[in-house]
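S.K.: First to last, the sequence lines map onto chains A and B. Letter by letter, the first sequence follows residues 1 to 379 in my numbering. Letter by letter, the second sequence follows residues 1 to 456 in my numbering.
Calculated directly from the structure, the hints in this document are not laboratory data. Owing to the predicted nature of the structure, the values given are computational and were not obtained by experimental measurement. Hints are not guaranteed to be accurate.
Computed cross-link-like contacts, DSSO-like style, restricted to lysine-lysine with a CA-CA straight-line distance of at most 27 angstroms [as the list claims (entries may be wrong)]: (1) A:LYS18 / A:LYS33; (2) A:LYS139 / B:LYS197; (3) A:LYS5 / B:LYS198; (4) A:LYS193 / B:LYS195; (5) A:LYS290 / A:LYS252; (6) B:LYS27 / A:LYS187; (7) A:LYS187 / A:LYS5; (8) A:LYS139 / B:LYS362; (9) A:LYS29 / A:LYS50; (10) B:LYS195 / A:LYS187; (11) A:LYS124 / B:LYS197; (12) A:LYS139 / B:LYS15; (13) B:LYS27 / A:LYS139; (14) B:LYS195 / A:LYS139; (15) A:LYS55 / B:LYS104; (16) A:LYS4 / B:LYS195; (17) A:LYS273 / A:LYS187; (18) A:LYS124 / B:LYS198; (19) A:LYS52 / B:LYS104.
Per the computed footprint, the stretches of chain A lying under chain B, defined by three or more beta-carbons under 8 angstroms from a beta-carbon of chain B, are [as the list claims (entries may be wrong)]: (20) 31–45; (21) 85–99; (22) 269–283; (23) 319–330.
Across the chosen pairs, the derived CB separations fall in these ranges [stated by the list, open to error]: (24) B:LYS431 / A:THR80: 45 to 53 angstroms; (25) B:TYR145 / A:SER207: 54 to 62 angstroms; (26) B:LEU151 / A:VAL255: 36 to 44 angstroms; (27) A:GLN229 / B:ALA341: 39 to 47 angstroms; (28) B:LYS198 / A:PHE93: 53 to 61 angstroms; (29) B:SER150 / A:LYS139: 58 to 66 angstroms.
Beta carbons are placed, not taken as given, at the ideal position from N, Cα and C, and that holds for glycine.
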Amino acid sequence: MSDKKLYSYTALFDTPNKIIHAVKSVAEKGYTKYDVNTPYPLHGMDDAMKLKRSKIGWVTLVFGLLGTASAVAMMGWMMTLDYPIVIGGKPFFPLPAFGPIIFELSVLFGALATVGAMLFVIFKFPNNSHPMHDTEYMKNVSSDKYGISIEAVDPKFNLDEIVALFNGLGAETTAPIYFDEEEVNYKPTILDKKFLGFLAFVAFATSVGVYGTMNIALYLPPFDWMVNQDKSSPQQTSEIFANNASMLQPVKGTVARGFIPYKFSNQPEQAGKLLVNPIIPSVENLKVGKEKFDIYCSPCHGYLAEGDSRLNGKFPNPPSLHSEKARNWSDGSLYHIIVDGQNIMPSYSSQLSKNDRWSIVNYIRVLQRSLNAKESDLL
Amino acid sequence: MSSEYAQEFSVVEGKPSLRSLDEIISKPLNTKPGLKYYLALAFTLTLLSIGAVGLAASLYYGTGLWGNNNPVGWAWPIVNFVFWIGIGHAGTLISAILFLFRQKWRTGIARFAEAMTIFAVITAMIFPIMHTGRPWIAAVWLLPYPNQHSLWVNFNSPLLWDVFAVSTYFTVSFVFWYVGLIPDFATLRDRATSKIKKVIYSVTSLGWRHSNRHWQHYEMVYLILAGLATPLVLSVHTIVSFDFATSQLPGWHTTILPPYFVAGAVFSGFAMVQNVLIFVRKIFNYEHIITVDTLEKMNKIMLLTGTMVGYAYSMELFIAWYSGVNAEQFAFVNRAFGNYAWAYWIMFSCNVFIPQLFWIKKIRRSIPMMFVIAVFVNIGMWFERFVIVVTSLSRDFLPSSWAYYSPTITDISLLIGSFGLFFTMVLLFAKALPAISIAEVKAVVDGSQPTHHEEH
Chain A
1 MSDKKLYSYT ALFDTPNKII HAVKSVAEKG YTKYDVNTPY PLHGMDDAMK LKRSKIGWVT
61 LVFGLLGTAS AVAMMGWMMT LDYPIVIGGK PFFPLPAFGP IIFELSVLFG ALATVGAMLF
121 VIFKFPNNSH PMHDTEYMKN VSSDKYGISI EAVDPKFNLD EIVALFNGLG AETTAPIYFD
181 EEEVNYKPTI LDKKFLGFLA FVAFATSVGV YGTMNIALYL PPFDWMVNQD KSSPQQTSEI
241 FANNASMLQP VKGTVARGFI PYKFSNQPEQ AGKLLVNPII PSVENLKVGK EKFDIYCSPC
301 HGYLAEGDSR LNGKFPNPPS LHSEKARNWS DGSLYHIIVD GQNIMPSYSS QLSKNDRWSI
361 VNYIRVLQRS LNAKESDLL
Chain B
1 MSSEYAQEFS VVEGKPSLRS LDEIISKPLN TKPGLKYYLA LAFTLTLLSI GAVGLAASLY
61 YGTGLWGNNN PVGWAWPIVN FVFWIGIGHA GTLISAILFL FRQKWRTGIA RFAEAMTIFA
121 VITAMIFPIM HTGRPWIAAV WLLPYPNQHS LWVNFNSPLL WDVFAVSTYF TVSFVFWYVG
181 LIPDFATLRD RATSKIKKVI YSVTSLGWRH SNRHWQHYEM VYLILAGLAT PLVLSVHTIV
241 SFDFATSQLP GWHTTILPPY FVAGAVFSGF AMVQNVLIFV RKIFNYEHII TVDTLEKMNK
301 IMLLTGTMVG YAYSMELFIA WYSGVNAEQF AFVNRAFGNY AWAYWIMFSC NVFIPQLFWI
361 KKIRRSIPMM FVIAVFVNIG MWFERFVIVV TSLSRDFLPS SWAYYSPTIT DISLLIGSFG
421 LFFTMVLLFA KALPAISIAE VKAVVDGSQP THHEEH
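Bound-form chain A, shown alone (with noise of 0.2 angstroms):
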């Protein structure tokens, strides 16, 4: 027995009021070293052992705090910089509609950290390997009875002193708790067979079963029913329809938005005669023509329209549209031309809108003024 090393000396009192007289005997004679194991947490007691009040408010208010900044800081980078998408044209940083979210973060991690902080961080929890675990004294406390331990370690510590000192306070029992030879002896080898083993095992479970769920189990049915599902791609047959096409025809006759018909083709007299220019030239319909007038036009007429051809020799140059010729058409004839082509140009029907085609010419217009400039213009 001699060889045991004393971690504490310990008495069991059967009452709520003799553990608080006898905590505040101990607490006065200067022992530091010690604590009382009850049931259940006893009013006063904490005042008996002259014990600071908690303080571990602070980490919740920290970290809640955190919890907070972290859902600000997660949502706004998300919404705002990261990927800002227009949902329903609200701001990107709603603050309104990120409260909910900064409450259940801030609460989250308030109570996570707080849990965490007392298990693992103060308590030092999880530890099984305390002496008093399995010890006479720790099964009565955690049923009914209310028990002090002076630990070995506290600078004033003296058995025959504390004996008589727990004696003389009506403690029901009184013993010594010894530490556990086997585990102050223990020594804890990482590289155990069966440690290994459980993690291999371990490895190989989560391998197998990662690469079969989403490598095998998702591709099968049901989990598939949406990529193999029915349906009927553009160029593929189908058997719906009787000439087994799976993309139909427009009715005969449909006219797509914006391309109503043109009723002078192949008149270009008519055309130069009767059509009027419906827009009055304006910086913001010139911008329009300018534009068109570059994608569609220049790469033949060039960006002046003086015929000089960018596509080196690959398509036949126009003439300018600078001659005396053309500057007299009328807009109507120029806005035939495009719809209709002429010679080898093809029509920009398809490619140009009403609107479009009569900006260009106004552009053209503008162009054939500005490059054949009388000195009045100048004034």
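Take the given structure of chain A and dock chain B to it, following the hints.
M.R.: Just chain B, lined up with the frame of chain A:
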């Protein structure tokens, strides 16, 4: 007892010795349960397997098996979700809010109510996850995680707020419950006779030593968790109500919804806890710990919240009239007198009229009467969610799409199965874990706290 305090009624009847409390609370854990328990378990497992068939069919064939269709796209699944989340609210209210108000009578029922919270939230979560259509990848849609589309979830959406609210609620409730269980696990560990139980309880108790230096922090943490859980529980049903309130559908688009939902949740939760506790106290002989006084206090809370819900119903009708908005007025007239008037009046009578019987003390203290009334309350509260979801959607802004919603057999099997799952978990809990907090009950037994004579 000290004379300077007003005489308080004992929470625990008689003056049981602390050791006898250990014995009676841990008895179901150490003995083989009787025939009644197995019959009850067989019944709940039957319900559960009915639900499992419906769930398997829904998983294989998809949500097309349900009655949801235009314009009622949110039907029974959402009704059941809101119903079960609401059931959970009583647990947190009992464990957190009543703790802050220092209501000692909560100690006998807090553990059970908290467990019911956790089970109710688990049951509730099945429905929205199934409703996503492909639940096996639901997490991919619900959580903000870096993905190959570099897209994030939409934080403007109340449905996403729900994801955060419900998962936070579940996590914090679970942690709160587990923290409460640690000292009890330690007590069970020290009572354990078989080796395997001792190992299990040693692991779950984390090495708790009942040390006062620990109790000091523990009590503070319990207080902080109660303080955090209180606004949390209020926020959860508030956010659930945002799913409706932030939409523009008449009957949903009302500011009264959050407080009305919270009151309703507490109302139905208390009814469910009361129903279950009546069985538990009988089966496990806890009549002196879960006393009739405690049940009576729960009935009073039901009376209060039921009246609040009744006020909300009336106020909705008043605001519909007072707002002068035609669509709003139509929605409420349609609720009370339209196709679903039968559901509305079941809701109104079960939730508002029947609980008024609790004004009579005899009824409040009669166990068969209170049991029946609480059953009616739960029926009424389920119909409340049905009325809100279905009547508004079935008469939306486009009269050509109006339709009468009826559930399918799969819907019914899922509802039955949800009750089966919930009660199976409750029964397993009652057998496997201390259904009453041993440490907390010991602390409120007469004579368990030091008297203050010495100081004066």
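S.K.: Tell me if the straight-line CA distance from A:LYS290 to A:LYS252 falls inside 27 angstroms.
M.R.: violated, 35 angstroms
S.K.: CA of B:LYS27 to CA of A:LYS187, is that 27 angstroms or under?
M.R.: violated, 39 angstroms
S.K.: Taking the CB of B:LEU151 and the CB of A:VAL255, does the distance hold inside 36 to 44 angstroms?
M.R.: Holds - the Cβ-Cβ distance for B:LEU151 and A:VAL255, about 39 angstroms, lies within 36 to 44 angstroms.
S.K.: Is the hinted pair A:LYS18 and A:LYS33 satisfied, with a Cα-Cα distance of at most 27 angstroms?
M.R.: Holds - the C-alpha atoms of A:LYS33 and A:LYS18 are around 20 angstroms apart, at most 27 angstroms.
S.K.: Does B:LYS197 lie within 27 angstroms of A:LYS124 when you go C-alpha to C-alpha?
M.R.: holds, 23 angstroms
S.K.: Mind checking the hinted window 54 to 62 angstroms against the Cβ distance between B:TYR145 and A:SER207?
M.R.: violated, 21 angstroms
S.K.: Could you tell me whether the CB distance from B:SER150 to A:LYS139 stays inside 58 to 66 angstroms?
M.R.: Given a distance of about 59 angstroms, which is inside 58 to 66 angstroms, the answer is holds.
S.K.: Is the Cα-Cα distance between B:LYS27 and A:LYS139 27 angstroms or less?
M.R.: holds, 17 angstroms
S.K.: Checking one constraint from the list: CA of B:LYS195 to CA of A:LYS139, max 27 angstroms. Satisfied?
M.R.: holds, 16 angstroms
S.K.: CA of A:LYS273 to CA of A:LYS187, is that 27 angstroms or under?
M.R.: violated, 107 angstroms
S.K.: Regarding the pair A:LYS187 and A:LYS5, is the alpha-carbon distance no greater than 27 angstroms?
M.R.: Roughly 18 angstroms between the alpha carbons, so the hint for A:LYS187 and A:LYS5 holds.
S.K.: Is the straight-line distance between the alpha-carbon of A:LYS139 and that of B:LYS362 27 angstroms or less?
M.R.: Answer violated: A:LYS139 to B:LYS362 is near 44 angstroms, above 27 angstroms.
Hint compliance for this structure: hints 5, 6, 8, 17, 22, 23 and 25 are broken, all remaining hints hold.
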